[in-house]
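Chemist: Residues per chain, in single letters:
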Amino acid sequence: MRKSFEHQLEDLNQDLLKLGSMVEERIHKAITALKNKNDELAQQVVENDDEIDDYQMEIEQECINLTALQQPVAKDLRRINMVSKMATDLERIADLAQNIAEIALELSASDYVKPLVDLPKMGEIAQEMIHDALDAFVNSNADKAKEVAQRDSKINDLDEQILRELLTYMVEDPKTVQQSNDLIFVSRYLERIGDHVTNICEDIVYIITAERVSY
Amino acid sequence: MMENETKTIEIKDLDFYYGDFQALENVTFDIPENKVTALIGPSGCGKSTFLRTINRMNDLIDGTRVDGDVIVEGDDIYKDEIDVVELRKEVGMVFQEPNPFPKSIYDNIAYGPRAHGITDTEKLDEIVENSLKHAALWDEVDDRLDQSAIGISGGQQQRLCIARALAVDPDILLMDEPTSALDPVATAKIEDLIDDLKEEYTIVIVTHSMQQAARISDYTAFFLMGEVIEHGPTQKIFEKPENQKTEDYITGRFG
Ligand SMILES: Nc1ncnc2c1ncn2[C@@H]1O[C@H](COP(=O)(O)OP(=O)(O)OP(=O)(O)O)[C@@H](O)[C@H]1O
Ligand SMILES: [Mg+2]
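Going line by line, the protein sequences match chains P and X. Residue numbers in the first sequence follow this note's numbering, run continuously in steps of one, and reach 236 at the last position. Residue numbers in the second sequence follow this note's numbering, run continuously in steps of one, and reach 258 at the last position.
These aren't lab readings, by the way, just hints derived from the structure by calculation. All values reported here derive from a predicted model rather than from experimental measurement. Please note that a few of the clues may not be correct.
Unchecked claim - Facing chain X, a subset of chain P residues (Cβ under 7 Å, in silico):
(1) Val94
(2) Ala130
(3) Ala231
C-beta: ideal position from N, C-alpha, C; glycine also.
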């Protein structure tokens, strides 16, 4: 029954997963560019942003079409609304990755005060969170979504730690102010990425349980 | 669930049989006053049968049997001494196909009141006008009340049947798929009308359109093979049903 509707829902899942992996890759490239001063990689992230925007809008349109033509109720309705919302969160994450890539371009000419360790670690956690959240989405696993959301606290801790450390550098050596300031921004962007993934996890739990939670 | 609402109809442990065939099993729920209650469920699950137990229309079918209680405005209509004619005056019914009598528009409406002994022409004129106005049909037919009811459109005929039901001043209106034979415009008119009518009437409506149930009802009961699987506020049924069978049915994954 409603075979074509089932297929359309499956397509929608696949499209969201695709958008998710595009966004993951973007974070990876932005952070790698920052860490290794790779301008070419950073440039890729900055230039290909339209691709993500277009894909997000396509998903949004699919959701509107399904709502209008299939008049979904209950879980189907929650899923379609939430996929649209998750696509928006993913698109914001991609924008933040772009911001990070822009900073990477700015900083690539100067040497770092010390090799970047914590920022790449944050980037890695964020990337894994996106990956695992979408895994929880396809497997309808609310426990997993909750567990992923809880990893956001690791990102928040690292953000605070990085802020403290960079503030010390700034106080000790005023020449590092510009660089430290930029890196504080990167840390903030990653922290916000974590918040967007947390939203995504909450949406997944809502699809599965119909309960609105806040992590 | 309905603490602040008056129960107009209470159904308790209702079983219904056509001969040996049990069409309703252990149906129990309350229908609140001045609300719209929608009955949904697949074909043959007993919605029409259930609707007809509320005004004892099933009595007209041979070999039927009822167990349990149907309490309408305080009277147990199968146990207490009740006048069935009086019951059907309080509990009006509108059917799937508009079924006007082959008489004038006026006579269709005046039929019930006359049958209940009203002969005064002024009084009848007033009832006809009010009923047609209540059914949102007056403006369309006020200049041709003496024309045959068969000559008006299907949507108008259905509103005429609603006006005819209203003419005897019922408290409860039962509707069995009242819009299934109508186009979307006529359907929208009937739906608007139902929304207006619930100010004064308690409405129970059978519908095969999930969207219609969601649009117009306050409560929904989901029937399956003679049983009520789930009953509750319509919003809850359509957003977060408790029973997987309800979810499967409303999302079209049934069967
Ligand atoms: N007069 C009758 N005599 C014997 N069995 C009947 C009679 N009327 C209905 N039934 C049976 O009772 C069951 C319930 O029928 P009912 O008409 O109440 O279903 P329904 O939910 O209104 O279906 P639909 O959506 O098709 O109108 C069905 O199995 C039907 O065959
Ligand atoms: Mg029926």
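Chemist: Which of the listed hints are not met by the structure?
Modeler: Hint 2 is the one this structure does not satisfy, whereas the remaining hints hold.
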